[in-house]
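From the two separate chains plus the hints, produce the assembled complex.
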Amino acid sequence: MVGELLNAAPLLLAATEGAEEELSPLVKVVPGLMIWTLLAFGAAMIVLKKFAWPKISEVLDERQQLINDSISSAEKTRSDADKILAEYRQRLTEAREQADEILDRARKAAETTEAQAVEAGREKREELVEAARRDIEAETRRALDEIRKEVADLTVLATERVTRKTLDAESQKQLVEDALREIDFSSLAGGRDN
Amino acid sequence: MTPLFEQARQVPLRLWVAIITAFAVLALPSTALAAEEFEPADEFRLDPWIPIEIFGIDMSINKAVFYIILAAVLTVLVMVLVARTMKVRPESKMQTTVELAYGLMKDNITDSNLNPKMAARWFPFIATLFLFIWFSNMLGYLPLPTNTTHTMNVLGLELPTFAIYAATANISMPLILALVVWISYNVEGIRAKGPIGYIRGLVPAGVEGFMVGPILAIELLSHFVRLISLSLRLYANILAGHLLILFMAGGLVVLLGMGMVGSTILGLATGVLGVAFFLFEIGLVATLQAFIFSTLTAIYLDGAVAEEH
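Going line by line, the protein sequences match chains G and X. End of the first sequence sits at 286 in this note's numbering; the numbers just go up one at a time, nothing left out. End of the second sequence sits at 1043 in this note's numbering; the numbers just go up one at a time, nothing left out.
For reference, chain X alone in the conformation it holds in the complex (with noise of 0.2 Å):
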């Protein structure tokens, strides 16, 4: 036997079996998309697939609608499950994880940041923002056939080819939870202080006279950039992440269409780029920037009841 032979026996039979059944999936959609104009925004185009409208509003379930809602789901059956089989002593390694997870939310997020009575009463609501914004990053990595745009022909089926796609890419979902958020601070502000005591304590202590109004009509600007700054933060860090890489994983190659040499050359460089972003943007930017919104979100509450602003 050679060694060679002796290494390939060694492989286990399902990594051949994932080899093979990768490159027939890679060769599928390149056949059905070499025939058409790659257009990158249309990774991103929003095709109805049920279209419905109530008042006026289009309400159609599209990719991003079937995103946010896998996402709400998996929050849901994962946490749910998990709470239904948890032991005392841990079991398996899921409950660990969702532990470890329920730390960070518990301690790291919510209680570090807020005194124990607000802390009670938005744990529930800052968790679910954490584990909704996460589980829509992550899902966001993940290779979906949800592209209707471009289809791939498999045994004479037209079936949406598979897409990397994030809800929390599309403004309109960061917006929407910043803007929740926004509402939930001011009015717990206004709660705790009345509206007129809320108002004045956005002015800093020691800032007297005249120097009042141009102060507060700063300080209510900054009110209004958080929402502006806190959906962007998370929608442009992820949307930047899908560019990345988009480009990376071909878009460029196809692109710039720079003949077999180049392409091929251009291809292995940003290949390999575009694993190590991928990477990066599994690895730490999808938990770092629910993090990020979650945690803001429970020092926003805390700024808002505070006394000493």
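Only chain G is shown next, with the shape it has when bound in the complex (with noise of 0.2 Å):
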């Protein structure tokens, strides 16, 4: 019933044939056609469904695994550059903030020395101008000395030379001192209490 239709069918196209006692295998069933057709449609699929299709998907696949892998590797890179980044601006505070107190120990140090430096100087300072001190008055009662036994000898000579008389060397020279004794130096110490 089919192959009746089949050729019922293209006998609308026999029209541009002509020939009406043989129709042209255009639109005529041709069954050694057909079993070609079969076979090589056959062949075709199977040949392919053996070694085409799942070499090609399996590339696919393979790819759309790569691509899977790539965005998740991109996405894991992603989160560990933001937390080394975020562990970055934490250290980065940190290190300020300890720079910042570094610094302000520096300068709190550097002034604590300084003030020491400045107190150490003056105490220097005032020991050597008491030391200074010391010698000139040490100096000064040696000076006081060497004068007082200056005018004393000096006394004895000139007593001696108005009064031609020579006294006792001894008591003379006991005589002038005493005198001197009574004597205020005090003017020649500088004016100096002592």
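Among the hints, a few may not be true.
Dumping the calculated BS3-like pairs for lysine-lysine here, alpha-carbon to alpha-carbon at most 30 Å [unchecked claim]: (1) K827(X) <-> K168(G); (2) K142(G) <-> K827(X); (3) K827(X) <-> K840(X).
In short, the hints are calculated from the structure, not lab data. Only a predicted model underlies this, so the values are computations on that prediction, with no experimental measurement involved.
So, in structure tokens, the structure goes:
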């Protein structure tokens, strides 16, 4: 029944042929051609199913996997980077705080040291001044003693010259020194109280 | 140097070779053909090249069989070669093109029409159908030395003239493919719902009472008509395209024989149209018909197993 239908349908196109006795294979159902088609199609389908589709599908799946992996890896890298950045920022903040602290401490230390240095300098100066004053006083005292001794000698000598009489040198000297002790030499010591 | 000469120099050497060869080839059959009577039907005549007969069936290798086998071989060769050299990172345009075709067959034709289980089972069938028809159609627009009815004499050798011919322009080829599709989807439907369930499923839901009989008859008829429509659509489209190209590219001029002036004018006019039809056929119809055939196959398969009609 199907065959009749098939042969009837192409009759519409048989008009172009003009030949009634034999239909062109174009519009005629040719069993040989159908069998060849079936064989060629079947063979192609089997070969493709065995050798083409699995391989193509495999490569495409592999690529899909690769893309997925790449996306995951990119996401991971990014989150890692974010983490590292956050950590870095945290550290930077800490470092800044530390730096500020160190600077602060250094400044304080410098101030302390400066103050200490100033203090030490002042003490040293005072010490030096004190030492100088002591030296001066000692020198003054020594000079005064010297003067005193000189004056006593000179007085003895002068008295001898005036009186032409030599007193016992020792008693003479005693006399002068007694007299000199009564004289105030304070003015020679630069007006300083003694 | 004159500008014209300069222009001529800029035309690559291989183009000159192509032009001269084309003129030579065109001149040869014209002398051979001029003496014979032109019969358009001869362009589609099937002379047995290698006569074979098995169980009383004429299985001779002829032009159509050659085109069918060539299409199958090309389908297999292209797909297997590309599949074998396929890389995760595409390295060739060929691979990209095949992947594009694979995507079309897998996503657009198969997966979008069938449920995943059916899609996995029928993808090899549908994809091969698409490629086989596509290669058959495309081969039909390549001029190949296959016209053994008219031969050309080249250096004393009788060689077949160049002709365009398509296996899909024979009703037998689309018809057997449609028959395979038709049997496949009906078998699939019966397997999914059982014979009675499948027949019952043909009647749309909501049809009750005395209307069931006539509706079932109409539905059954429509299924048989599918067989015809599926094959005729492909066949008629390709045949019409080939007839148009044949008549435009000289056939009409030879048939009408309007003398030197008339033939020149007609030849120029139809020649331009011929090129336009050729581009239309090769650029759209060949792929579109392969797409429609395989998409309808997927739709029929889905309709056969779908719960609701």
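Hint check:
no., hint, in the structure
1, K827(X) <-> K168(G), "33 Å, violated"
2, K142(G) <-> K827(X), "24 Å, holds"
3, K827(X) <-> K840(X), "19 Å, holds"
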